[in-house]
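Student: Let's have the full structure, built from the sequences with the hints guiding it.
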Amino acid sequence: MSWNKRLLNTPIIGNITKKIASMKVSNDAKNIAEHFTQFLKPELATTDELRAEVFKIRHNVYCEELAFEEVKAEGQEKDEFDDHSIFSMIKHKPSSTYTSCVRVVRSSCEAELLPIEKYCLDSIQNESLHPSNFKRTEICEISRLAVKADFRRRKSDQFKGSAIGVISESTYSETELRCFPFIAIGLYMAAATLAIDTGIKHVYVMMEPRLARSMKFVGINFHQLGDAIDYHGLRAPYYINPKIFMDNLTPGFKSLFKAIENDICEQLSDLKLI
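Following the UniProt record's numbering, the numbering of the sequence shown begins with 1 at its first residue and continues without gaps.
Any given hint might turn out to be false.
Claimed, not checked - Listed below are the simulated DSSO-like cross-link pairs for lysine-lysine, each with C-alpha atoms no more than 30 Å apart in a straight line: (1) Lys243 - Lys254; (2) Lys41 - Lys91; (3) Lys118 - Lys72; (4) Lys216 - Lys72.
Read the hints as simulated data drawn from the structure, not as lab findings.
Tutor: Below, the structure written as structure tokens:
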């Protein structure tokens with residue numbers, strides 16, 4: 001184990017080191033918010049054409065790259081939960097390319113299950129936060145987050161602060177590169193806006209524990225509800241609500257959230273969903 005890893009694992013020194021690093025990232029995020037809005041834009045998939053783009057991105061990631069699902073002849077990955085979901089994408093403004101997508105699965109009745117309820121219900125060991133305790137209209141699941149490989153893969157230390165992946169150096173400028181490590185965070189913030197501003201009070205997600213730890217680093221504190229299981233890889237059930245989200249988000253990332261929230265809320269207002 002390297003000296004810096006040993007420091008991070010030392011109870012007192014490790015906690016201080018992590019806080020200092022988190023403060024640095026949070027401070028950088030104030031500038032990142034400006035760059036994010038300059039090059040990237042969250043956009044709701046409100047038409048058949050845009051939803052088809054969502055399904056194409058998901059097919060590219062979940063079927064072709066990760067092989068979590070079978071390759072479909074039509075090149076679109078869809079399932080039963082899409083009928084009661086809201087979708088958001090993040091667009092790269094200069095190229096008008098959609099980089100990524102996420103959905104918020106909602107429920108209006110007992111028949112409209114969340115994916116976690118249908119496939120992973122036994123993994124939820126925290127009975128007090130079980131979805132059955134809450135009104136159907138007040139629960140949702142963040143699901144099917146996908147980022148295109150072109151906006152994700154990179155050498156691990158090529159760009160400072162990057163958490164997503166490589167960007168084609170021949171295509172994207174150095175200034176633009178500062179935005180891309182935050183695409184996944186941006187997707188979660190778009191999903192949070194969709195939940196908060198449509199009356200959702202309880203949010204669930206199945207994710208890799210290491211991703212949950214990464215989100216905690218910027219102040220998005222998902223509460224683990226049970227042990228990790230083998231579900232498209234090692235994943236565990238997590239819970240968050242609007243209060244937990246807003247109370248723990250670091251100041252720098254609040255500025256990024258506000259920028260994303262403004263974009264999403266304008267679109268929700270146009271759809272008369274808020």
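Student: Each hint: holds or not?
Tutor: Tested hints:
Proximity of lysine 243 to lysine 254 is assessed by CA-CA distance (about 13 Å); at most 30 Å being required, the pair is judged to hold. Between lysine 41 and lysine 91 the CA atoms are separated by roughly 5 Å; this keeps the pair inside 30 Å, and the hint holds. Pair hint lysine 118 plus lysine 72 holds up; C-alpha atoms about 23 Å apart against a cutoff of 30 Å. Between lysine 216 and lysine 72 the CA atoms are separated by roughly 35 Å; this puts the pair beyond 30 Å, and the hint is violated.
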